[in-house]
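Respectively, the protein sequence lines represent chains X and V. Residue numbers are given in this note's numbering: position 180 of the first sequence equals residue 180, and the series is strictly consecutive. Residue numbers are given in this note's numbering: position 480 of the second sequence equals residue 480, and the series is strictly consecutive.
The set of hints was computed from the structure by calculation and includes no laboratory data. Glycine is no exception: its CB is placed at the ideal position from the N, C-alpha and C atoms. Hints may be right or wrong, so weigh each one.
[To be verified] Derived Cβ-Cβ restraints for the label pairs, each shown as a range: (1) X:Pro183 - V:Pro392: 47 to 57 Å; (2) X:Glu215 - V:Pro392: 27 to 37 Å; (3) X:His132 - V:Arg419: 33 to 43 Å.
[Claimed, not checked] From the derived model, a few chain V residues whose C-beta atoms are all more than 10 Å from chain X: (4) Asp56; (5) Asp84; (6) Pro219; (7) Arg239; (8) Arg326; (9) Pro327; (10) Gly334; (11) Pro391; (12) Gln394; (13) Thr400; (14) Gln407; (15) Val412; (16) Arg419; (17) Lys434.
[Said to hold, decoys possible] Pairs of lysine to any residue residues, derived as SDA-like cross-links and limited to a Cα-Cα distance of at most 25 Å, are as follows: (18) X:Lys92 - V:Leu395; (19) V:Lys281 - V:Ala260; (20) V:Lys434 - V:Ala358; (21) X:Lys128 - V:Ala205; (22) X:Lys128 - X:Pro81; (23) X:Lys92 - V:Leu297; (24) V:Lys281 - V:Thr100; (25) X:Lys92 - X:Leu60; (26) X:Lys92 - V:Glu405; (27) X:Lys128 - V:Gly414; (28) X:Lys128 - V:Asn225; (29) V:Lys253 - V:Glu265; (30) X:Lys92 - V:Glu396; (31) V:Lys134 - V:Asn225; (32) X:Lys128 - V:Gln416; (33) X:Lys92 - X:Arg149; (34) X:Lys128 - V:Glu405; (35) V:Lys281 - V:Leu463; (36) X:Lys92 - X:Arg130; (37) V:Lys243 - V:Gly216; (38) X:Lys128 - V:Glu396; (39) X:Lys92 - V:Gln407; (40) X:Lys92 - V:Lys134.
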Amino acid sequence: MEIIRRMSEVLVNIDGVELRRGARVVLAGVTCDIRRGELVAIMGPSGSGKTTILRAIAGLEPFQAGRIAVDGVTLDGGAVPTVATLRELRRKVGMVFQFHCLFEHLTALQNICLAPVHAHRVDPQAAKARAHELLRTFGVDHRADALPRQLSGGEAQRVAIARALAVDPPVLLMDEPTASLDPARRAELGELLHGLLRQHRTLVVATHDEEFAREFATRIVRLRDGVVIED
Amino acid sequence: MYDAYVRGVYDAASLSAAEPPKIFRWAGDPEGGAPFVEADPSRPDEVVGFDVEIADLLARNLGRTPQFVNITFTSIDQSIARGDADIGMSGLEDTPARRTTLAVTMAYYEFREVLSVRDADASRLRTLADLRGKRVATLGGTIAYEILLRAERDHGIRAVSYEDDVHPYSDLVIGRVDAVLLDNVLAERRQRTMQGFTIQPQTVAIGHYVGVLAPGNGPLRDTINEILRSAMRDGTLQRIFTKWRVWNDDQPKLYARLLAGEPVEPVTGLDTSVSVATMTKWEAARRYFPSLLRASLVTIVLSCLSMALAVAIGVMIATGRVYGARPVRAALLGYVELMRGTPILLQLFVLYYGLAAAIRLPAFAAALLGLALNYAAYESEIYRAALEAIPPGQLEAARTLGLSERQVLRLVRGPQAFRLALAPMTNDFVALLKDSSLVSVLTVLELTKETQIFATNLGSWVLPGSLCAALYLAMSLPLAALARRLERRWKSSAA
């Protein structure tokens, strides 16, 4: 009973979010609930607002109206979130960027350990052990000492996912995760994400990839011109 | 007889033999040049002074029109040797070096090297021997400077070299130095406009003012000597020196000896038998090399400290310009443009002399700060560009991981920007190493200044210039090599 209650719990509540850049309306009142344990694929043509809604959930993009609540942390439209709110939000939400955005001067292992050690005061040895565990889970532990420029696209993505998960957020946002992957790697990524679902994580993936979404997503939300047209 | 002289002069000067020169070009330095040569206070583009009047006298007797050529005091000898003017006259002292390397006229004025001290010290600081451990100022490249260098060894004083003869006295009065050794002419002239110091009555040495001509210009020099003799006999020189309030009992005695054909030693009171001008070039180089090495040490220490400070200030400016609020950004931009848009020499003068009434910085500290403040502006632009070159995606990734803005700068943006900035920074350090030569205007005796003193005393720039260049290269080449190595390393690892 408890498990069913938890599984049906709304973890991300997006309510009438409007976002303008100058005169251009990017999000025109997006409303959508995401429940714990879902893998939601946000789809739509270029410029429909997929990436922007992810960035808004991650607290990277101020929006003018509406409300986003993530596991009890609320961002209000038109208000500047406090430092404390953002700090709390970032414990709840991890993000993997389309181009991975690994820190170029640090090795894969150091990329993963940076935030736990400096932002979340985890003991460096414990952070390192956890980082190795994540790298092993994703099959890239042998690349722990490689610099980002020495990694392949698939390896860099796995390191980026490991980095986001190192601070243990319940929600993981991913922007176009299949953009640089061949079909074999895409299937591997799908399996990896399903593994995360089994750990009760909630995944929100912005993608163009219809086939990937159909095969792996538990739910598809379609955007066009900044509004949800299909859920 | 006179015609023969004049003809000889024209031939020797390699001027047109058919067309006698109409212009008599004479060189002097009007900076602090009273009563020798100074800009006329009522008409600043004209010069006045006793050397001006003597030049007029010479030109008149040569049947030519005098034309003044403005040349820095310490460069007059070299400038005359290369033919920029016919004669140099700016209170130039008769020295063995000048006699060896140039055609020197007969003496036309005898002066005394005298010590000046603050009024409060007048009863206890009377001679060089009383000045142990004290800072004693003078004009660089003069007999007085030679005397002070000897006194460094003999009496343990500390010689401080200035580029002009006004700031030694102003720095004496405000306490930056404890005594000044200079000609009585300069000391007395300065005392008329400045309070607070006493000229000691004892004479430290006796010297003479002469005119200097290019070594091949002997015939013109001889003609000029004839004109000077005649001016000594008929009282013309006396009238000129009386007008400028420097006539005294020493002059008639000097003129009597000269007119009687007696030899006059260039300097009395300083043993000039070991002058570098009379040594072989190699012997001179051997003697000067240790002081050049010491000066190199000043250059490298000053450059390293200035660069370290410039980097620290530059990082703060760059951070302020990238992260600061609008007024902070505007103020920092203003600072950068002010420092880049005005000459560093002007900044050094303002810092050391201009602000002396408010902050009395020691010379080395002012030099260090001046170079650092100027270079900080350039460094900040390098760091700003480097900070802005870090992909914004990395910064956002760092923020989503929960790092604070300060942590993003310290752990993600700063370290990567530093790598980008390191190669241009090394280039700037090499530039600073060379710009450090400018601080000699603040009496800091660094490599270029020491070389200039060596060259002045030797009467040639070839050997001192080569040694100086070799020392600068010995300091800058390793830096250039380091810059290249870093660039190569990052280029290959980025590939």
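- prompt: Which numbered hints are broken by the structure, listed smallest first?
  reply: 1, 3, 11, 12, 13, 14, 15, 16, 19, 20, 21, 22, 23, 28, 31, 33, 37, 40
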